[in-house]
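Undergrad: Each chain, letter by letter, is given below.
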Amino acid sequence: MAKTYDYLFKLLLIGDSGVGKTCILFRFSEDAFNTTFISTIGIDFKIRTIELDNKKIKLQIWDTAGQERFRTITTAYYRGAMGIMLVYDITQEKSFENIKNWIRNIEENAAADVEKMLLGNKCELNDKRQVSKERGEQLAIEYGIKFMETSAKASINVEEAFLTLASDIKAKTEKRMEANNPPKGGHQLKLTEIRTKDSWLSRCSLL
Amino acid sequence: MSDDLPDQFDLVVIGTGFTESCIAAAASRIGKTVLHIDLNEYYGDVWSSFNLDALNTLLQQSNTMVRNGRFTWHDSCEESASWTREKLLEKSRRFSLDLCPRVAYSAGELVQLLIKSNICRYAEFRALDHVCMWYNNELVSVPCSRSDVFNTKTLSIVEKRLLMKFLTACNDYGEDKCNEDSLAFRGRTFLEYLQAQRVTDKIATCVMQSIAMCTPNTSFEEGMQRTQRFLDSLGRYGNTPFLFPMYGCGELPQCFCRLCAVYGGIYCLKRSVDRITVEDSTNELLLSSAGKTLRAKQVVCAPGQVPLDQLQSEVRAHISRGLLIASSPLGGEDLNKGGGGVNLLRLLTPDGQHEAFLIQLSHYSGTCPEGLYIFHLTTSASSDDPAADLAPFVELLFGAQTPQQLIYSAYFTIAAPVTTNAALPRIYCTAPPSYELDYDAAIANAREIFGKLYVDAEFLPRAPDPEEIVVDGEDPSALNEHSLPDDLRAQLHDLQQAAQDMDIAE
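Taken in sequence, the protein lines are chains A and B.
Okay, so the first sequence: first residue is 1 according to UniProt numbering, each after it adds one.
Okay, so the second sequence: first residue is 1 according to UniProt numbering, each after it adds one.
Think of the hints as simulated: they come from the structure by calculation, not from any bench.
Yeah, the Cβ is synthetic: ideal placement off N, Cα and C, and Gly gets one too.
Hints are supplied without guarantee of correctness; some may be wrong.
Partial chain B-side listing against chain A, Cβ under 7 Å, derived [as the list claims (entries may be wrong)]:
hint: 1; residue: E251
hint: 2; residue: C268
hint: 3; residue: L269
Using the sequences plus the hints, can you model the full thing?
TA: Structure below.
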């Protein structure tokens with residue numbers, strides 16, 4: 001079968017409960033918005049393939065499965081992640097303050113060169129705003145990462161944010177490939193990989 | 001933070017080790033409300049992996065289940081040594097050091113369960129590079145593939161033929177075409193059968209030590225079963241029949257926890273339970289935890305997670321573990337191609353009474369920095385001195401190594417309760433990790449408890465892929481393939497498939 005993409009990037013969404021991570025995920029992957037997710041249930045990851053500079057990029061975007069609720073994200077969640085969207089809610093000061101803790105968590109668990117981006121979500125709720133855009137920008141500068149205000153509900157900047165993150169990862173990946181140093185991975189178990197029993201035995205009996 | 005924790009659950013699982021995580025995932029998967037807690041601030045309990053700093057801290061603490069811990073730095077006097085204590089600690093976070101390292105048979109219980117339940121999407125594995133045997137004071141690779149058999153210089157042509165003939169006979173055993181002669185060995189030992197095949201000493205060692213993994217007392221039937229298990233797992237993923245989880249075995253419980261969370265399970269670490277009582281009026285279990293009372297219809301608890309007097313008697317040494325870090329691998333270049341192999345070696349003391357297994361890990365397993373090697377030694381505890389329990393094996397393997405190559409060594413004991421008191425109804429205690437290579441016993445334990453919790457419910461049925469999930473109330477205008485009826489969706493898939501296949505020319 002022809003490969004349907006040039007790159008596969010694993011992206012994560014991180015941030016406090018209720019900042020709209022799942023809504024962002026749905027806006028980007030399905031172009032839909034739903035206010036009925038009380039917390040993340042049954043959402044594992046979503047896939048969307050985008051095109052950048054004639055390269056097909058398959059984005060696999062993982063949600064926290066609600067494990068952020070009591071700060072119990074598994075270390076396994078961070079494995080192999082190439083990009084992380086740090087999300088806070090502009091109407092919740094606390095979620096903005098917690099970004100620092102999430103960054104610490106990322107530094108402890110994710111790869112050192114993981115590409116990060118800061119998103120201030122729910123920017124359509126300007127009248128309830130507690131965190132100014134400037135403070136968001138300032139924090140992003142502090143960590144040397146990119147920043148955008150988004151609205152999953154009003155569909156503002158969600159697409160742009162993912163495209164920006166993907167294109168930064170792509171640039172990094174291509175640079176690394178030029179340096180001829182592709183990262184080494186392991187096997188993912190798939191049913192299709194399983195071959196029939198005693199395949200080598202029968203052939204070896206020819207010895 | 002704990003204020004918004006609900007207080008009523010179908011099942012509270014205490015401990016996030018492998019077995020408990022399997023049960024939590026299975027319960028959540030069939031729609032039960034699950035709270036999964038652990039008194040530690042990390043996932044995995046005694047099945048966890050640690051970075052170097054964290055492991056050292058753990059070994060210095062007094063912990064109910066991980067005991068007799070101590071670690072030693074073998075500082076080199078040579079200033080030119082490329083790896084020093086400082087450099088290792090600097091890269092502490094690059095280590096993922098397992099308390100309970102295991103390997104999985106490619107066709108074994110764990111792999112089957114991961115595939116069947118679709119939990120495999122959370123894990124990544126590395127096929128082991130070599131299965132080794134210790135022969136004539138040398139580490140020798142056991143041929144596991146066709147090219148191995150062709151290329152190996154450790155076996156003569158005659159030996160190759162003998163080995164193949166023997167393995168073919170084992171493979172056919174139990175089937176119609178099986179050799180009648182072998183049936184005469186029922187009730188005798190596997191070693192007797194092996195000797196009757198007039199194989200050479202080297203092949204006998206190879207089969208007993210590494211393929212069938214037997215002791216002289218192993219019965220013929222069991223030996224046959226074990227050999228078949230080895231053969232069944234060949235040729236699936238890599239050169240050997242074994243897989244090792246990337247980033248260490250501590251990832252595996254987390255994969256099950258993830259599934260539990262995806263189905264609504266709630267996670268709370270660093271949360272202990274002080275006391276469990278039964279409320280007579282409702283028949284519910286009341287768990288007092290951090291000043292709050294949680295209600296559960298049923299409880300599953302790992303050893304050492306609740307105060308001992310409540311569920312279990314005293315604990316005793318169960319598994320003795322050694323963990324060594326060196327700057328050179330065991331065995332020659334052929335066993336460690338391209339900077340190092342992930343290798344397995346099973347060892348027996350000369351009297352055949354004690355056995356241990358060694359897992360050598362290189363940076364390819366994602367558990368240590370490049371240029372370093374981890375040696376995990378595991379044996380059944382015969383005392384409260386893990387170093388003494390493992391000394392014969394360490395001597396054998398590392399006795400000849402130049403001392404500056406060994407940088408760090410740690411020993412500890414994994415404890416287990418002597419007995420488990422089922423003092424209260426509807427509380428189920430999981431077994432501690434047993435001495436085994438794979439996860440068969442742990443999975444069997446999880447299945448058994450799940451069967452008691454939810455009679456007749458399926459244990460971890462396949463979780464759908466994200467693309468298959470239709471979320472209620474999705475914007476109806478965003479009509480997509482998921483909203484199509486099954487037959488139309490199948491047609492659409494076929495069309496897409498056909499379109500993809502035509503792309504090949506591109």
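Undergrad: Can you verify the interface hint for B/L269: is its Cβ closer than 7 Å to any Cβ in chain A?
TA: It holds, given that the least Cβ distance between B/L269 and chain A is near 5 Å, below 7 Å.
Undergrad: May I ask you to test the interface hint for B/E251 with respect to chain A, counting a Cβ-Cβ separation under 7 Å as satisfied?
TA: holds (5 Å)
Undergrad: Given a cut of 7 Å on the nearest C-beta pair, is the interface hint for B/C268 held or broken against chain A?
TA: With a closest approach of 5 Å, the B/C268 hint holds.
Hint compliance for this structure: no hint is broken.
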